[in-house]
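J.: Chains as they are written, first to last, in full-length UniProt numbering: chain A, 1 to 343; chain B, 1 to 451.
These aren't lab readings, by the way, just hints derived from the structure by calculation.
Given the structure is predicted, the values throughout are model-derived calculations rather than measurements.
Heads up, the beta-carbon is just placed ideally off N, CA and C, and yes, glycines get one too.
A hint or two may mislead.
[What the hints assert, rightly or not] Derived CB-CB ranges, DEER-like: (1) A/D278 with B/T57: 17 to 25 Å; (2) B/Q368 with A/Q239: 26 to 34 Å; (3) A/E225 with B/N273: 31 to 39 Å; (4) B/E158 with A/G228: 33 to 41 Å; (5) B/G40 with A/S216: 48 to 56 Å.
[As the list claims (entries may be wrong)] Covered stretches of chain B (in silico footprint by chain A; criterion: 3 or more residues with CB under 8 Å from a CB of chain A, positions within the stretch not fixed): (6) 95–105; (7) 294–302.
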Amino acid sequence: MSVKLTASALAIAAVSATGANAQSRDQVQIAGSSTVLPYASIVAEAFGENFDFPTPVVQSGGSSAGLAQFCEGVGENQIDIANASRAIRDSEVETCAENGVDEIIEVRIGYDGIVFASQIDGPEFTAFEPEQWYNALAAEKMVDGEMVANDAMNWSEIDESLPDAEILAFIPATNHGTREVFEEKVLLQGCEDSGAMQAMMDAGMDEDATEEACMSVRNDGAAVEIQGDYTETLNRLNQNPNGVGVFGLAFYENNTDTLKVATMSGVEPTTETIAAGDYPVSRPLYFYLKKAHIGVIPGLKEYASFFVSDEIAGAGGPLANYGLVPDPELAATQSMIENEETM
Amino acid sequence: MTDITPDHEGPGARQGGSIMRQTARTRKRNAAERRFEMYGMAAIAFGVFALIWLLTTILSNGLSSFSQTYITIPVAFAEETLDPEGNRNRAEMQKVTTFSYKPLIGEALIEAVDAGNMRPEGMPDAEIAAMVSNDAAAQLRDRVLADPKMIGTEETVEILAGGRIDGYLKGRVTMASAELDRNVTPDQLRLAGVMEGNGLLEKRLNWRFLTAPDASENRPEVAGLGVAILGSAYMMLIVLVLALPIGVAASIYLEEFAPTNRLTDIIEVNISNLAAVPSIVFGILGLAIFINFLGLPQSAPIVGGLVLTLMTLPTIIISTRASLKSVPPSIRDAALGVGASKMQAVFHHVLPLAMPGILTGTIIGLAQALGETAPLLLIGMVAFVREFPDAPPEGFFDPASALPVQIYNWTQRADPAFVERASGAIIVLLGFLLVMNIIAIVLRRRFERRW
Numbered sequence: 001m002s003v004k005l006t007a008s009a010l011a012i013a014a015v016s017a018t019g020a021n022a023q024s025r026d027q028v029q030i031a032g033s034s035t036v037l038p039y040a041s042i043v044a045e046a047f048g049e050n051f052d053f054p055t056p057v058v059q060s061g062g063s064s065a066g067l068a069q070f071c072e073g074v075g076e077n078q079i080d081i082a083n084a085s086r087a088i089r090d091s092e093v094e095t096c097a098e099n100g101v102d103e104i105i106e107v108r109i110g111y112d113g114i115v116f117a118s119q120i121d122g123p124e125f126t127a128f129e130p131e132q133w134y135n136a137l138a139a140e141k142m143v144d145g146e147m148v149a150n151d152a153m154n155w156s157e158i159d160e161s162l163p164d165a166e167i168l169a170f171i172p173a174t175n176h177g178t179r180e181v182f183e184e185k186v187l188l189q190g191c192e193d194s195g196a197m198q199a200m201m202d203a204g205m206d207e208d209a210t211e212e213a214c215m216s217v218r219n220d221g222a223a224v225e226i227q228g229d230y231t232e233t234l235n236r237l238n239q240n241p242n243g244v245g246v247f248g249l250a251f252y253e254n255n256t257d258t259l260k261v262a263t264m265s266g267v268e269p270t271t272e273t274i275a276a277g278d279y280p281v282s283r284p285l286y287f288y289l290k291k292a293h294i295g296v297i298p299g300l301k302e303y304a305s306f307f308v309s310d311e312i313a314g315a316g317g318p319l320a321n322y323g324l325v326p327d328p329e330l331a332a333t334q335s336m337i338e339n340e341e342t343m
Numbered sequence: 001m002t003d004i005t006p007d008h009e010g011p012g013a014r015q016g017g018s019i020m021r022q023t024a025r026t027r028k029r030n031a032a033e034r035r036f037e038m039y040g041m042a043a044i045a046f047g048v049f050a051l052i053w054l055l056t057t058i059l060s061n062g063l064s065s066f067s068q069t070y071i072t073i074p075v076a077f078a079e080e081t082l083d084p085e086g087n088r089n090r091a092e093m094q095k096v097t098t099f100s101y102k103p104l105i106g107e108a109l110i111e112a113v114d115a116g117n118m119r120p121e122g123m124p125d126a127e128i129a130a131m132v133s134n135d136a137a138a139q140l141r142d143r144v145l146a147d148p149k150m151i152g153t154e155e156t157v158e159i160l161a162g163g164r165i166d167g168y169l170k171g172r173v174t175m176a177s178a179e180l181d182r183n184v185t186p187d188q189l190r191l192a193g194v195m196e197g198n199g200l201l202e203k204r205l206n207w208r209f210l211t212a213p214d215a216s217e218n219r220p221e222v223a224g225l226g227v228a229i230l231g232s233a234y235m236m237l238i239v240l241v242l243a244l245p246i247g248v249a250a251s252i253y254l255e256e257f258a259p260t261n262r263l264t265d266i267i268e269v270n271i272s273n274l275a276a277v278p279s280i281v282f283g284i285l286g287l288a289i290f291i292n293f294l295g296l297p298q299s300a301p302i303v304g305g306l307v308l309t310l311m312t313l314p315t316i317i318i319s320t321r322a323s324l325k326s327v328p329p330s331i332r333d334a335a336l337g338v339g340a341s342k343m344q345a346v347f348h349h350v351l352p353l354a355m356p357g358i359l360t361g362t363i364i365g366l367a368q369a370l371g372e373t374a375p376l377l378l379i380g381m382v383a384f385v386r387e388f389p390d391a392p393p394e395g396f397f398d399p400a401s402a403l404p405v406q407i408y409n410w411t412q413r414a415d416p417a418f419v420e421r422a423s424g425a426i427i428v429l430l431g432f433l434l435v436m437n438i439i440a441i442v443l444r445r446r447f448e449r450r451w
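With the sequences and hints as input, model every part of the structure.
T.: Shown next as structure tokens:
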């Protein structure tokens with residue numbers, strides 16, 4: 001027995017001894033948006049196989065969590081890059097600066113389309129307008145100068161062109177960056193288009209209250225907020241033939257055999273229509289880089305330039321094939337990384 | 001004799017006569033008993049049904065991940081693309097990226113298809129070239145860099161087929177779904193069928209699923225569990241090496257040596273409470289202490305192992321104390337009686353007898369730790385990791401994934417092929433848990449002593 005105990009004690013000693021001289025990190029560490037994750041992992045994989053540097057490690061967990069981690073400080077046990085499906089907020093830049101992360105390089109990698117899709121054999125949801133979504137999902141609507149709860153239960157009540165199916169929309173929950181885009185580009189837009197915004201202003205509401213009313217979503221079961229990923233939305237759609245889900249373009253492109261996409265404002269979502277700016281619901285994707293880590297962590301700058309190189313992020317590259325909409329201003333981004341220009 | 005007449009009407013007597021005949025009350029009691037038995041059987045039947053259902057779904061979804069579709073074709077390693085300078089200089093050849101290798105494989109496949117006259121009518125070249133896995137280029141590049149003599153020759157190589165083609169051979173992709181699917185065309189499936197008939201394409205056992213690292217969403221066909229299994233193994237090693245001695249030492253002290261007072265009572269209550277703390281809390285603790293305070297690296301098995309050690313300790317302490325308690329006091333008394341010191345009594349007599357129970361508890365604690373994802377989320381182990389960690393002890397500080405994490409990651413991927421991968425990974429995880437539990441049972445059976 002005593003032999004065993006001595007062996008265990010030695011093992012503990014060995015573990016703690018190596019802990020004391022933890023060696024320097026040789027791979028790039030990335031965290032952040034789950035929307036950017038597939039793109040980042042495709043790039044990381046190609047980077048690892050084409051360069052002598054090890055494959056970067058990509059964590060997921062959401063834009064906000066990633067940026068929070070990013071802003072924790074500079075050092076080897078801090079991440080080098082934060083992926084984000086939205087631009088960094090001023091408050092986050094401040095937190096970063098407080099913790100010594102003051103030189104941040106902002107890299108826009110391209111655009112992501114947000115699409116509205118339903119079961120392929122389900123009701124004929126083929127064309128939507130933002131106005132219809134606002135009318136279907138608003139928590140309260142203005143009727144005769146007063147705000148009353150939204151009681152529309154059927155899409156055909158909203159618009160006769162829509163199928164006779166109950167309103168059941170699977171929308172991203174507030175933990176997703178996608179929700180912000182959905183609120184701004186669909187609900188707010190619809191609110192404005194339908195004249196509801198004007199009506200609310202006329203009724204004496206101030207601008208902030210109007211916007212809030214426009215973007216508040218009903219919680220009587222017609223709109224289901226999805227906390228998880230698009231796979232969860234897809235599962236919910238499979239169980240509800242009448243449901244309509246909000247997806248990323250890349251996710252839809254991978255599941256065209258089970259999903260049917262609807263046009264928004266008459267435009268079909270494709271990488272081309274999004275790149276041309278015709279399709280209304282899209283957003284830029286970013287990653288943020290600590291300049292202080294360049295030169296310390298091997299391969300960091302190479303990874304960043306590889307990510308935005310034409311053969312990766314350009315048209316026809318693996319990212320575009322997967323569903324990323326290439327950024328027309330990619331050349332500017334490339335030179336920005338080359339010169340290490342911070343925000 | 002006459003005063004002892006059976007009195008059926010009197011108090012305490014059976015009402016209704018013979019003991020053989022059931023009264024209403026007996027019937028009611030018997031019915032209640034039968035009902036209770038039925039409830040029990042129904043509960044078991046429900047459990048068995050749920051288990052069978054779960055296992056059939058997982059097995060039917062996941063078993064196919066252990067086989068993979070391969071294409072065997074001759075590929076010409078053209079010098080002008082792979083080594084334009086012609087110096088066979090490794091640095092120069094490395095500049096040729098996988099993007100240049102890809103067309104090479106596409107051309108080779110088109111040539112092979114046309115040589116066998118297999119091309120479905122009107123099928124464009126690009127569709128044929130797209131049937132190969134995106135990983136094939138990387139595979140060939142590694143081979144060429146390892147053996148530059150290949151350049152300029154033609155060699156028959158085995159490359160993986162794309163995920164959708166593989167899905168067709170496994171029955172996941174059908175002609176009907178291919179009509180609607182933008183990533184595959186019915187022509188590609190038809191060609192795959194013809195190629196299979198001609199022996200160019202073959203589905204067979206795929207050990208790479210257990211050895212290869214994770215792959216990006218573009219190549220579900222090469223995604224494997226290698227890094228995850230290694231990461232989990234490292235963490236289990238750390239948990240075993242740390243939790244077993246600490247847990248056993250704590251239990252022996254508390255059980256055999258510690259005085260019974262307020263302090264030990266508080267410690268005891270807290271150990272029981274710790275066993276019930278949600279595992280994510282240990283993750284937060286790990287982030288704060290091991291990463292932010294001690295400065296250990298992110299995503300490393302050492303941090304995961306330490307966090308899981310903290311999580312497993314209460315389980316091990318509780319089961320160790322229980323097995324120490326179950327050793328009869330007569331053993332201790334006898335040892336002390338013949339003049340052994342307290343320590344001798346414990347280490348020579350009590351501990352060996354308690355060992356089977358301790359080991360069982362440890363293995364069950366390890367099995368619990370093996371399946372844990374939540375604490376790993378916060379210490380950066382829920383990540384895309386493709387590099388294998390080094391051998392221990394340095395490898396403990398390299399980034400790695402873990403089995404449950406890999407399952408969680410794969411269920412979130414967009415490509416439907418990852419559903420199969422995730423189920424396959426669940427089978428592997430269940431396999432490991434089964435083995436650990438069997439070891440626990442065997443140890444208990446072999447070494448357990450009853451008094």
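J.: Please go over all the hints and tell whether each is borne out by the structure.
T.: Status of each hint after checking the structure:
1. A/D278 with B/T57: 17 to 25 Å: About 43 Å separates the Cβ atoms of A/D278 and B/T57, which means 17 to 25 Å is violated.
2. B/Q368 with A/Q239: 26 to 34 Å: Holds: the Cβ-Cβ distance is about 32 Å, inside 26 to 34 Å.
3. A/E225 with B/N273: 31 to 39 Å: 34 Å, holds
4. B/E158 with A/G228: 33 to 41 Å: 38 Å, holds
5. B/G40 with A/S216: 48 to 56 Å: 51 Å, holds
6. 95–105: Contact hint for the segment 95–105 of chain B vs chain A: holds, 3 residues under 8 Å.
7. 294–302: Check passed, 7 qualifying residues.
Hint check: a violation occurs at hint 1 only; the rest are consistent with the structure.
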